[in-house]
Amino acid sequence: MTAAKLGQPDPVAQGLLLSAAKRLARDKLALLGMGIILTVAALAFLAPYIAPNDPLKVDLARRLAPADASFPLGTDHLGRCIFSRLVYGARVSLPVAGLTLAVIMLIGIPIGVISGYCGGKADAIIMRVVDILLAFPGLVLALVIAGMLGPGLINVLIALAAVWWVEYARFVRGIVLAVKEKEFVLAARASGTSDLGIVTRHILPDVLSPVTVLATLDMGKMILAISGLSFLGLGAQPPTPEWGTMLNDGRPYMQVAPHLMLYPGLAIMGVALAFNLLGDGLRDALDPRCTARV
Amino acid sequence: MPGDTILQVCNLTTQFTGPGGVVKAVDGVTFHVKAGQTLGVVGESGCGKSVMCLSLIGLIDPPGRIAGGEVWLDGKELLRLSPGELRRVRGREIALVFQDPMSSLNPVLTVGTQLTETIVSHVRVSRAKARRAALRLLAGVGLPDPERLMRRYPFQLSGGMRQRVMIAMALSLRPKVLIADEPTTALDVTVQAQILGEMKRLQKELGTALILVTHDLGVIAAMADTVAVMYAGSIVEYGPCTEVFTHPGHPYTKALLRAVPRLGADDGLVPIPGQPPNLLNLPDCCAFLPRCPLSGEECRGNRPRLHVCGPEHRVACHRSIGELQPYGEDLYEPAAGRRFG
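Note that the protein sequences, when read in sequence, are chains A and B. Per my numbering, the first sequence starts with residue 1135, numbered consecutively. Per my numbering, the second sequence starts with residue 647, numbered consecutively.
With a cut-off of at most 20 Å between alpha-carbon atoms, the simulated SDA-like pairs for lysine to any residue come out as follows: (1) A:K1314 with B:G710; (2) A:K1156 with B:Y799; (3) A:K1156 with A:L1342; (4) A:K1314 with B:P709; (5) A:K1314 with B:P753; (6) A:K1316 with B:F801; (7) A:K1314 with B:D707; (8) B:K680 with B:A867; (9) A:K1316 with B:D707; (10) A:K1191 with A:A1203; (11) A:K1316 with B:Y799; (12) B:K680 with B:E716; (13) A:K1314 with B:P708; (14) A:K1314 with B:M748; (15) A:K1314 with B:L705.
What the hints contain is simulated information worked out from the structure, not anything from laboratory work.
Generate coordinates for the entire structure from the input sequences, incorporating the hints supplied.
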């Protein structure tokens, strides 16, 4: 906000982000994670140029074929190019995971802030709802919701957001409760800052960096969850190439053609791992106490 | 106008309700401050000084509540204002400087951002204008190179610099009353002297009324025009600074003055025997009774109210009526209390 009005980069944000970026650049594992994510993102973005074949083209004469020059990872039970389907699948998994997470944060963070900052009855009611939702195993509940809504990626998004926001609400509430008691918040109140001003200026900045770390770590879980629901037939519908759906498609052929499950499985694991590595790195980089290590 | 009463506090009472009962942290406090003058509030830890400061601007959160009294600031009764109106008064007309400059600034925002935000949130000015005002303010509290300082984070400043920033922030909207709650307690003595000098100069410049809360009698002697001595949530003695220091009326004030270390004094420190009373369910008698060397039968009956014992001088003690002794007479035999060399 300040930056836009002054027409120059905000030295505050710049200073903090710059030092965090420097710390991150020294973390080899985090860089590896970021590299994998960027590569997958680039593959997804450039899919039409990179994919050697049409991911939807069925050729029953070539079904379950091993890798060769024109089909780098072989073909599936319908003779479709697995590599092309993986590349196009990244176009589904990454954006849907990101979008789901954005929706989750959009719901969870404000609710957490309200709960922590206002306290009292609002807090009690919100936290009881959170307790109830947390008492269910999340993925099973999402499965039920997605099952009731019917198959489809949008429904998977809704189902995951419906069970996952509680984690963010509870997390943010905890941070807000701690920050709210700080003396600088009392000082801000004493100088007549409004509640909205205190939340946006003094509390949200303290919330953002831990939430960034949590969100990065959750991206991996999100991709797993979406793949999992798709594997169970609730997410992307055939013939859409999606990693979880591909796993499911390959299941009957596990004995004769394990590559049908191997490559989508590796893709899911690799991306989930990459987000975890990056998340760990970010946690260290965004923690000012780690400055001494640099 | 200097000399006019700007803040009048009547019978202010703040209570905290806990599982054990009601704690009267502030119990019927009455005082007034004139424009451009300094009221020193002195008392030991836990006597309700800080709660009183927060009560003045209505910043008491549950389980505490302001149970009664009036705070008149320049013709407005603050405790009857709506939350929105009260918010506009805070900072703009009555500002607070806190004890610990280490924790009163937001660690993730630069000094410049915090100062400009404070100004912008109260006055309709452009950010650039607020920035220029912030630069002037920083220079005004004796900080060198304000341009550079604006980009600094609080952790990059020393304690003294931070307290100067806090004072600049408190004075940024030219409040009529500045409440300083132990502003120099966390600082070392040389910095303390500088900050106090700076506050005195600014007060003269701006004509602000100052309420200076401290447990340091030396600071009071150097700064205050009027002194209020607090004990167990009440004011037990109130009067012109010189008068209270030379002719203390209340046995507690006398004991406090005797407990100040002095260079060259050979009798050492004379502590006040006993403990401050538990504010939970305080009995309706003189709160100082268990520690008072002068206590008599009448002290057990009812709580003493402030009564006149000199021009502008008030004391809340049943025994001090007609017994004003010049300071220096031994109330405590050195043998009776423990002595600290």
